Amino acid sequence: MALLVELLFFTLLVFVPLRAITNLIIKHKYGHHLPPGPIALPIIGHFHLLGPLKHRSLYKLSLRYGPLFSLRLGSVRAVVANTGDVAKQFLKTNEFSFIHRPATIGITLVTNNVALTFAPYGPYWKFVKKLTMTELLGTRSVNKFISLRARQCRRFFRFLAQKSELRESVNLSEELSKLTNTIMVQMVLGTQSASIEGRVEEARILTRDVTNIFGEFNLADHFWICKKLDLQGFEKRIDNILARIDKFLEVIIVEREEQRRLRNINGGGRGGRNGVVTEEDEDVKDFLDFLLDVSEDENAEIKLTRTHVKSFVMEYFTAGTDSTATAADWTIGEILNHPKVLEKAREEIDRVVGKNRLVGESDGPNLPYIQAIIKETLRLHPPFPVVNRKCVEACKIDKYMIPENTMLFLNLWAINRDPNFWENPSEFRPERFLEPNERDKMGPIDIKGQHFQALPFGSGRRICPGKNLVLQMLPGLVAGMIQCFDWKVVNGKMDGNDSVMEMDERQGMTLSSARDLVCVPVARFSPLTILDP
0 MALLVELLFF TLLVFVPLRA ITNLIIKHKY GHHLPPGPIA LPIIGHFHLL GPLKHRSLYK
60 LSLRYGPLFS LRLGSVRAVV ANTGDVAKQF LKTNEFSFIH RPATIGITLV TNNVALTFAP
120 YGPYWKFVKK LTMTELLGTR SVNKFISLRA RQCRRFFRFL AQKSELRESV NLSEELSKLT
180 NTIMVQMVLG TQSASIEGRV EEARILTRDV TNIFGEFNLA DHFWICKKLD LQGFEKRIDN
240 ILARIDKFLE VIIVEREEQR RLRNINGGGR GGRNGVVTEE DEDVKDFLDF LLDVSEDENA
300 EIKLTRTHVK SFVMEYFTAG TDSTATAADW TIGEILNHPK VLEKAREEID RVVGKNRLVG
360 ESDGPNLPYI QAIIKETLRL HPPFPVVNRK CVEACKIDKY MIPENTMLFL NLWAINRDPN
420 FWENPSEFRP ERFLEPNERD KMGPIDIKGQ HFQALPFGSG RRICPGKNLV LQMLPGLVAG
480 MIQCFDWKVV NGKMDGNDSV MEMDERQGMT LSSARDLVCV PVARFSPLTI LDP
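Heads up: the sequence shown is residues 0 to 532, going by numbering that gives the first Met the number 0.
The set of hints was computed from the structure by calculation and includes no laboratory data.
Just so it is clear, the structure is predicted and the values come from calculations on it, not from any experiment.
Heads up, some of the hints might be wrong.
DEER-style ranges, computed between Cβ atoms [claimed, not checked]:
1. R350 - G121: 44 to 52 Å
2. V489 - N265: 47 to 55 Å
3. S425 - V489: 44 to 52 Å
4. R157 - E422: 40 to 48 Å
5. D238 - K395: 39 to 47 Å
6. T528 - D238: 49 to 57 Å
7. V489 - T528: 49 to 57 Å
8. K343 - D245: 45 to 53 Å
Below 27 Å or equal to it, Euclidean Cα-Cα: the simulated DSS-like pairs (lysine-lysine) are [as the list claims (entries may be wrong)]:
9. K466 - K143
10. K143 - K398
11. K447 - K343
12. K129 - K91
13. K343 - K354
14. K177 - K284
15. K91 - K143
16. K302 - K87
17. K125 - K466
18. K125 - K87
19. K128 - K302
Glycine residues also receive a C-beta, built at the ideal position from the N, C-alpha and C atoms.
Please construct the entire structure, taking both the sequences and the accompanying hints into account.
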């Protein structure tokens, strides 16, 4: 308590006058051309106006101050974009002024300041982005792992079938997280490592802990006076997480290096555990192997250290697991809450795929209504509802001047629900993605960053690199759950005689449901022979 009193006194004595001087400088330099905003309180600025669900608080403020407004969060100056038209000026017209994605102190420490997602735009970022898209998250590389994902999805459906036979409930939120984590671990680390088997759960717990600390509020990110104090004990917790990550990955990397050494001695061939590799995996090189290739290449454009390798692995675990699982969870919840959508989706699957084989990722392009369901879910529930950029060069947006070092909050949640573009924007209606866009006289809206009315992944050069994996994997996964099972929601709210999923949101880095989705799967066919090998 004494420390906090001293901090407050020192802040009042030093920070307030400095802030006043800074504001005078900005006002003198940029005149009255900053976007409008609410009156700020001393020291805290506008923090008192933000609730636990930041995207909803920012949306409410936009109703009063317009689609572009200013905030001050402690010592951080920020502007907020809440519509697609405004976002387009930041992400397209003035993209290079806002090309930098700032990292929190927690993210910087956990990723050793080498993460692709938050690296400054430049040669290093371009090099790592190329590696990632070429070998892991690009369209071709995502397709390279299609058989791996198919096996894991089939295993997941068999687990659900067993629960159906026993008439037991399933925590789908939890199981979808396990599924997507297993897939990401195997895409990054391979399927042949003895150290990976039985350690997927450890990877999932690490991923969860990293995601949680990324999403927590840290005083040091917003008050410069707190940067060296660590009042909340973040650094101690991060040190613990880093030690666990290092121990987990070091075992796997050492084993892989030994495999690579033996492989070189034996004259090639990937060789898995005991030298055994399945036929379909023979030519599939996982991302860890590729990272080690680059780290051992003396002529590489940029030298990758062991720290880089470990940081990249954890970054892809975190980004790939949480966003995909959360999107799948919301999709199933929306479908179960809208029986007519479920009926229409199932009719499409039965017509296109039939009932004699399991639907898969390759069927996705032939299932336009399933695709529309995925797009509508991502519109309403973007994995990251608010994304940050930082102004690296002062520029003009509309009639306003945005100073250098200003934080930009892109409220993707609000952009995707703009009533000036979307009719009944909060309504779940997949058909809107199958209809022509009358306002702009073009075809149906897509969600890959070109149409600024729907930006679940952002846009431009810093668009979410995991979008290809999400859009490739989700249709087959969701369609399989619809094809094989009916569902009874256990922990929902009553809507007439039916229990439906509550669509409340949970505070965190990603936009997840406030309550896990718990259901009893009911097999549509007996037996479910389409799940046989």
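Hints breached by this structure: 3, 7, 10, 15, 16
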